[in-house]
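For reference, the chains in residue letters:
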Amino acid sequence: MWDQFILNPFTNVLLFIYNIIGRNFGVAIILFTILIRAITWPLNAQQLKGAKVMQELQKDKEWLDIQKKYAKDREKLASEQMRIYKERGINPFASCLPTLIQFPIIIGLYQSITRALAATPLGLLQLAGSIYPTFLNAALLIPLNSKFLWMDLGRPEGIPFPAGFSLPFLPYGFPTLAIIVAATTYLQTKLTLPPSTGGANDQSAAMNSMMSIYMPLLLGYFALNFASGLAVYFVTSNVLGIVQYASMGRVNWRNLLPGGDKTLPAKTGSRK
Amino acid sequence: MKRLILISLVLLTAILLSACSAGTSATTWPGLAADSKLAYLANGTYIYAVRLSDGTKAWQYPDKAGTQLFYANPVLTTNGQVLVGSAGRDYELTSLDTATGQQKWAAPFVATDRWVAAPLVVGDTVYAANNDGTLYVLKLATGEKVWSLHISKELWGAPVTDGNLVFVTSLDHFLYAVDPVAQKVIWKVDLGGSAPDSPAISSDGKTLYIGSFAKKIFAVDIATGSVRWTAVTKDWVWGAPVLGGDSLFAADISGNIYSLGVPNGKNAWPSLQPDGPITGSPLVLADGSMVVATESGSLFAFNTSGVKMWDITPGGKIYTAPVDAGDSTAGLIMVAPMNTDFLLAAVSKDGKLIWKFTGK
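As you go down the protein sequences, you meet chains H and S in turn. Just so we're aligned, residue 1 is where the first sequence starts under our numbering, counting upward by one. Just so we're aligned, residue 1001 is where the second sequence starts under our numbering, counting upward by one.
Source of the hints: derived by calculation from the structure; they are not laboratory data. Note that the structure is a prediction, hence the values are computed from the model and not measured. The beta carbon of each residue, even a glycine, is placed where N, CA and C say it ideally should be. Incorrect hints may appear among the rest.
Claimed, not checked - Derived lysine-lysine pairs resembling DSS-like cross-links, with alpha carbons at most 25 angstroms apart:
#, chain 1, residue 1, chain 2, residue 2
1, S, Lys1356, H, Lys147
2, S, Lys1153, H, Lys147
3, S, Lys1215, S, Lys1184
4, S, Lys1206, S, Lys1216
5, S, Lys1153, S, Lys1184
6, H, Lys49, H, Lys61
To be verified - Stretch by stretch, here's where chain S covers chain H in the computed footprint (C-beta under 8 angstroms, at least three residues):
#, stretch
7, 66–78
8, 113–122
So that you can see chain S by itself, here it is in the shape it has in the complex (with noise of 0.2 angstroms):
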């Protein structure tokens, strides 16, 4: 009886310690992308494409869960892949056909730690930036690697480019700006904290903009790699700011909102905090009007002037930003919250909720 006793208490720890455990390691990060007929979610130990006509499930991948952990956003390729990396122990970067889920490559090179970052796709070569502080590049056909460049430490930020210049954020507090030409980084700006998500660029090629723990935003001149103004915000900016007209959408984890003009970086709307903090990008529509979501579980539309023009509560916790999906008029914004009884939820552009993915 002793016996039984204590190997119940043993097993009892255990429970309680993995309990432990899991709680910063095991939870997800959802990854989210849609192109005008399935949206491609990537949800703890699977990625999903959910019809966008009824929230019906297309196909997941893998059949079964493995060792393979999704946090990073799936990214579409012109030529009908879907890549994304797992933040798994298994440390691989996955293609698969968008129209059937099936595997076309697993990048047969071993990258030493987890993908956190969307990878970045620019004609047939990929730029994968990797928790291991290396900007890999690969093949977009095979995922074989061309070169891999180390940069510095964690790069969660998926990388962008301006069509000569690759450019990657750190949590090192840097900003990068890789030539992969001569495959070496040109220049680096100190953004005075970590940046885990990417910078937006102007529609002329010439800015980054980029925000950071330090409770900052840089306008940063791209030609020189020098900062042309700050801009400070309340807390912790997170998400990428995203460019809308002449102005610069960002949020930070308060869930304050901040619209600043393009030359200067002046915030044009009144203060505008809904009601939780945010970490994902604001979604700009092609009306001009901007979309957050909070961790709250809600969504807020607000018109160009800043006012309100809608809001819904979906439920969980949001941390991904929204996704437009569909055509621009008759479309639907995609949000993937955590904590609740759906993965996905599809919401009109007028703020109904549609439908709901369960994952079944």
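One chain only, chain H, in its complex shape (with noise of 0.2 angstroms):
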């Protein structure tokens, strides 16, 4: 089921694209994911505009109000926030249903990717069974152009050391391309995360700060780890994600700047 309505389809157009690019699977890769990210693109407006609702919202007075009043009373409490939502036509869940629609496109894009660079005999016999006879000449396709800058796609990027040198846990050379998704990925994140509005119980605020720390963390480790390939894909990605939001004028410039996730006054961090 996966297979055939996500796995292969997606499969098929980054093969096509290879194909008639010139047969450069990196190139590939980048359109491919530029390919994902506009038809998503809707979604992912839909998200933006109902977490920034959603956010306005925690700094309203009405409800701010109500969080006091029936702090003790959670039914009550339940009941005033739908009366809220109702009144002003919010829907709470505008902004996490575009995730979930776009969290299977997601993975199916990064399970394509390593599909098609079918680096072993099961990958291979896999990538066989996945291209559309009628669509695309796999025989004269594979094997895969995997060669892209100074990487081989189908393997971990490493810049080797000078002859004489080694680390252990760096056994593919120096990782390039690994700090370059960590270094993305903080970019996007810092980027993108909203202002924070202020007070001692601002858990959000501790929550982006993590987020802005674990997840280069986590990018750069499968970077380091697995084909350079999916590492070209994560760069594209955060690349484009901080174009996309700059696109919309929902960029925190400020979170760039030494304290400047901190503590914003309220209406200053948004341009939107």
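Join the two chains into one complex using the hints; note that each chain is given alone, in its own frame.
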């Protein structure tokens, strides 16, 4: 089911792009990521819009009042919150539903890149079974040209150390791409974090701060250990994410400044 | 509490993404060989020697899983070595003692990629084709590199020789003939598609037979590198064709089986398509019968006329060619499935399951 509706179509489109652009798999990954981002743009926009509405609601006086007033009566608090949602025409799921819909698409994109790289016998056999014979001549396409810039996209990236020097925790050499992945992930996370509303109990600020540390480390780790084709996808996706947020006026450049992600006066963080 | 939830979510994402990547890179592709007493199974991070008599483990290498990952068929030498290359990130080619499993040497040179192909041993020399597109030539006694020749892209098929030339296939669509004296390629043939397995050599040493992803099987003149005939198949040919009498047996990944006449490449059998894709080479037994293993986990035996003699389904998914083990009359057929609760099964030559080996 997953293969038929997500993975196989994605793999075929990725290989189609690879074929028409002169068989450069790195460029194919970048173009394919742009294509998927463009298709999911409306969902992203809807998610951002929903998140903004919810964020503004958190600062609303009436909202804050009912939080205080019914702090010990959860049932009443929930019904009051629902009343406010209804009165103002807010859908509390407007920001998370598009994310849920996008999730399988992102996973499919990731898996199709892995499948197309087909670095093992079993991977090659699975790829053979994924390609639509009437759409692509797989026999002519395989093996894919996995060389892109200085990388072999089917293997973890690393610039070899000078002869005689090695580090056991960096078996593939100096991890340039992993550093770029971590840096762009950090930038994206920082730039797209909503401004803090202040207050001693601003837990969302704490969570955001943790996200900006954990996510770069996590994706950097993946880039260090897995095929560099995936790292190219991570970097492309991060850059596109920043561009998309910027185009919607949702980038918080202040977050890059020291202390910029700390408490901001209300309504100064967002440009929109 | 929220901090805990966040950390849990990050960990969950990590596990999810790891699982995604593992889908293609961490799965094995068993390699198999046998002598008269032991079967040698390369599976995942271990090499197992299994007693043919009762299916018990004689030894395993290494004791604890490391960075090695084995796809290639182990190769047995006449001086008691078993050679196997690693598809893990160590890129190591290792020689083990067949009796004990102790390491004799690990090639003290650095191949730059994984070993998917089994090596070829000729006298005191090892010819080993690497995924980096290079043919490495080593001393059998020590594993030291004698010379190497960069040929092309991924070399997945074990090299074969007619005694003079060494023949290597590549995923780059070509079959190469290497002159080991001149240390260069003397001819190459375009196969129209990737060739992930080895060619077969005729008994007179004049012709090579090789299938490819171009849905064709080629007969190639060894002296000149010219194509004598081609036979069209219904799908990609993955496993090496095998000669048996005047026939050339082959199969494709849609599960079609072919018995081609050696002189002209005409299919002598009716359409045969047992029950699933076939990637391993057919096994030709001493009585002329032929056995194939399918992805559906089955073995099918056919007589010389293409009539089914028996079938059995040990289970799992079988991608590796079955291997004839033990003496030719009372011996066993070994099969190494994946995705099941055992690693190796022994089947009698009349199609009865004798034992299963689970790795313990």
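Query raised in the report: Is Lys49 (chain H) within 25 angstroms of Lys61 (chain H), Cα to Cα?
Result: 21 angstroms, holds
Query raised in the report: Is the hinted pair Lys1153 (chain S) and Lys147 (chain H) satisfied, with a Cα-Cα distance of at most 25 angstroms?
Result: Within the cut-off at roughly 11 angstroms; holds.
Query raised in the report: With a cut-off of 8 angstroms between beta carbons, are at least three residues of the stretch 66–78 of chain H near chain S?
Result: This one is violated; 0 residues, fewer than the three required, reach chain S with a Cβ under 8 angstroms.
Query - Restraint check for Lys1356 (chain S) with Lys147 (chain H), where alpha carbons must lie at most 25 angstroms apart - result: Violated, at roughly 43 angstroms.
Query raised in the report: Holds or violated: are the alpha carbons of Lys1206 (chain S) and Lys1216 (chain S) at most 25 angstroms from each other?
Result: At roughly 20 angstroms apart (the allowed maximum being 25 angstroms), Lys1216 (chain S) and Lys1206 (chain S) satisfy the hint.
Query - Distance restraint between Lys1215 (chain S) and Lys1184 (chain S), which requires alpha-carbon spacing of 25 angstroms or less - result: 29 angstroms, violated
Requested in this report: Starting from Lys1153 (chain S), check that the Cα of Lys1184 (chain S) is at most 25 angstroms away, please.
Outcome: 16 angstroms, holds
Report task. Examine the stretch 113–122 of chain H for residues whose CB is less than 8 angstroms from any CB of chain S, and state whether their number is three or more. Result -> holds (count 8)
Consistency with the previously given hints fails for numbers 1, 3, 7, ordered from lowest to highest.
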